[in-house]
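Student: Spelled out, the chains give:
Number of protein chains: 2
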Amino acid sequence: MKQYKGFLIDLDGTMYRGNEVIEEAPAFVNTLREKQIPYLFLTNNSSKTPEVVSNKLNQMGIHSTPDHVFTSSMATAKYIKHKQPDARCYVIGEIGLFTALEREGLTITESECDFVVMGMDRDISYEKLAKACLAVRNGAKFVSTNSDIAVPTEHGLLPGNGSLTSVVTVSTGKEPTFIGKPEAIIMKEALSVLGTKSDDTVVVGDNYDTDIQAGINAGIDTLMVFTGLTPYEELPNLKTKPTYHVKNLSEFDVK
Amino acid sequence: MKQYKGFLIDLDGTMYRGNEVIEEAPAFVNTLREKQIPYLFLTNNSSKTPEVVSNKLNQMGIHSTPDHVFTSSMATAKYIKHKQPDARCYVIGEIGLFTALEREGLTITESECDFVVMGMDRDISYEKLAKACLAVRNGAKFVSTNSDIAVPTEHGLLPGNGSLTSVVTVSTGKEPTFIGKPEAIIMKEALSVLGTKSDDTVVVGDNYDTDIQAGINAGIDTLMVFTGLTPYEELPNLKTKPTYHVKNLSEFDVK
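Heads up: the sequence lines are chains A and B, in that order. If you count the first sequence from 1, you need to add 8 to reach this note's numbering. If you count the second sequence from 1, you need to add 8 to reach this note's numbering.
No lab work stands behind these hints, which were simulated from the structure alone. Errors might be hidden in some of the hints.
All copies of an identical chain are treated as equivalent in the list; a pair is satisfied when it fits inside any one copy or across any two copies.
With a Cα cut of at most 30 Å, we get these calculated DSBU-like pairs of lysine-lysine [said to hold, decoys possible]:
(1) Lys64 <-> Lys139
(2) Lys136 <-> Lys89
(3) Lys10 <-> Lys149
(4) Lys149 <-> Lys136
(5) Lys43 <-> Lys139
(6) Lys10 <-> Lys263
(7) Lys182 <-> Lys136
(8) Lys136 <-> Lys255
(9) Lys247 <-> Lys205
(10) Lys182 <-> Lys139
(11) Lys182 <-> Lys13
(12) Lys249 <-> Lys182
(13) Lys139 <-> Lys255
(14) Lys136 <-> Lys13
(15) Lys205 <-> Lys10
Take these sequences, add in the hints, and give me the full structure.
Tutor: Printed below as a string of structure tokens:
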């Protein structure tokens, strides 16, 4: 097995399931720390700030600071900042998205925007969607944090940001640029934060369609773990196999 | 030109534009009355009751009673009633949809529904959409009043019911049964209300993609009028031509 200089690690299904830590996760992260290998937790969840995510991990015994967390909202903010540093953004989202855009120095506005930015918003309204549609029809660029169609909760699978985003897509006929996994965009922004190159880095995740596919799309090696969404029985059916796979993270020997 | 026993007449773009009556509309309807030819106004608008629609028409000098109005909500209620007379419905919509379902004696419920019914709802919320997704995933039949992606307003094109419905479609992977134009379903329900047969009836409308296509899909003759959405210049490009076309309704000689 190759010696990697950086790890991009998924959260839900890889480090925890909902509010329950995955048994092998804390030791895996401790091994990375002992070997002084940089790691970044990569999540499509756009609604939380890195501080909140880091707190949750620490409470589970998984060592992290806010600097170890990279959300789809943070990737979205960096993507827009690179495209247009003085961009004016009309935003539908929660605190994680607003905070990320503000931290990149972008302007959040209700009028005359360059970008319409959509993330998960459990306070979505017709008025918000109407403003987004008008701005996109008026020529604003259209960006969405992630294309997840559903969010697992204790009540069942609730609408994800990808399904909320579809209101604007269907109404205007304009497809958004999605940023989160499985897109390569979040991976490139994450590499830039982690400071490693794609061929020195490995993506760790449980969800073939997002985590592993993101690695494949960005040309980064992948470690698939069967503690989350994609069942082990699916492995033979996967068209492009992950670089490595393990039943749980204790089976992976970090060099 | 054939002598028709019934007219199915579109509203916006055919009888009025927004709040402005179309000049030739009142006389056209008066001719139908004088000749005692039954007519029904057919609208994809799901949010209003027939009483409200009829009032608006009367204020414009277009004779109507609530019995002359057939909305996509009323068609939806009749469709569900035929499928399952004791159906329990979880409903996202406005007063026009709730009223229509209640008048057909259907049960409106928040739990254990047979049908998820979606119509235009300018008070849409994440919670409403989440409940709809859970019910559809749980096996409820999925019906939507109409597939219009946008609604013309004085502010511009705002999201239509078809785009709101897409949240549930995208999140669950289940396509709804759409009822309104251009579907044949609303036309069949309308013929049943009007009491005429498809080959004795003509559909009048300005929108090729909804009004005229609905006639074509239901095997009903069509009269296209160029006072609304589809411009006259489009006529040569239409794949299936309307049975008749006139620049305005004064050009159509009612037999």
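Student: Hint by hint, say whether it matches the structure.
Tutor: How the hints compare with the structure:
1. In this assembly of identical chains, Lys64 and Lys139 lie within 30 Å of each other by CA distance solely across copies; the values are 28 Å between and 34 Å within a copy.
2. Proximity of Lys136 and Lys89 under a CA criterion of 30 Å is satisfied intra-copy only: 23 Å inside one chain copy versus 34 Å between copies.
3. Taking the closest pair of Cα atoms, Lys10 and Lys149 never come within 30 Å of each other, the shortest separation being 40 Å inside a single copy and 51 Å across copies.
4. In this assembly of identical chains, Lys149 and Lys136 lie within 30 Å of each other by CA distance both inside one copy and across copies; the values are 16 Å within and 29 Å between.
5. For a Cα distance limit of 30 Å, the shortest separation of Lys43 from Lys139 qualifies neither inside one copy, at 50 Å, nor across copies, at 47 Å.
6. For the homomeric pair Lys10 and Lys263, the shortest alpha-carbon distance inside one copy (7 Å) is at most 30 Å, but the shortest distance between copies (85 Å) is not.
7. For the identical chains of this complex, Lys182 and Lys136 are neighbours both inside a copy (17 Å) and across copies (25 Å), given an alpha-carbon limit of 30 Å.
8. Neither within a single protomer nor between protomers do Lys136 and Lys255 lie at most 30 Å apart by alpha-carbon distance, with minima of 43 Å and 38 Å respectively.
9. Only within a single protomer do Lys247 and Lys205 lie at most 30 Å apart by alpha-carbon distance; the minimum there is 25 Å, versus 54 Å between protomers.
10. Taking identical chains as interchangeable, the C-alpha atoms of Lys182 and Lys139 lie at most 30 Å apart whether they share a chain (15 Å) or sit on different chains (27 Å).
11. Neither within a single protomer nor between protomers do Lys182 and Lys13 lie at most 30 Å apart by alpha-carbon distance, with minima of 39 Å and 43 Å respectively.
12. Taking CA atoms no more than 30 Å apart as the test, Lys249 paired with Lys182 passes between copies only; the shortest distance there is 29 Å, against 33 Å inside one copy.
13. In this assembly of identical chains, Lys139 and Lys255 lie within 30 Å of each other by CA distance neither inside one copy nor across copies; the values are 46 Å within and 35 Å between.
14. Proximity of Lys136 to Lys13 under the C-alpha cut-off of 30 Å is found in neither arrangement, the shortest distances being 43 Å within a copy and 46 Å between copies.
15. For the identical chains of this complex, Lys205 and Lys10 are intra-copy neighbours only, at 14 Å inside a copy versus 75 Å across copies, given an alpha-carbon limit of 30 Å.
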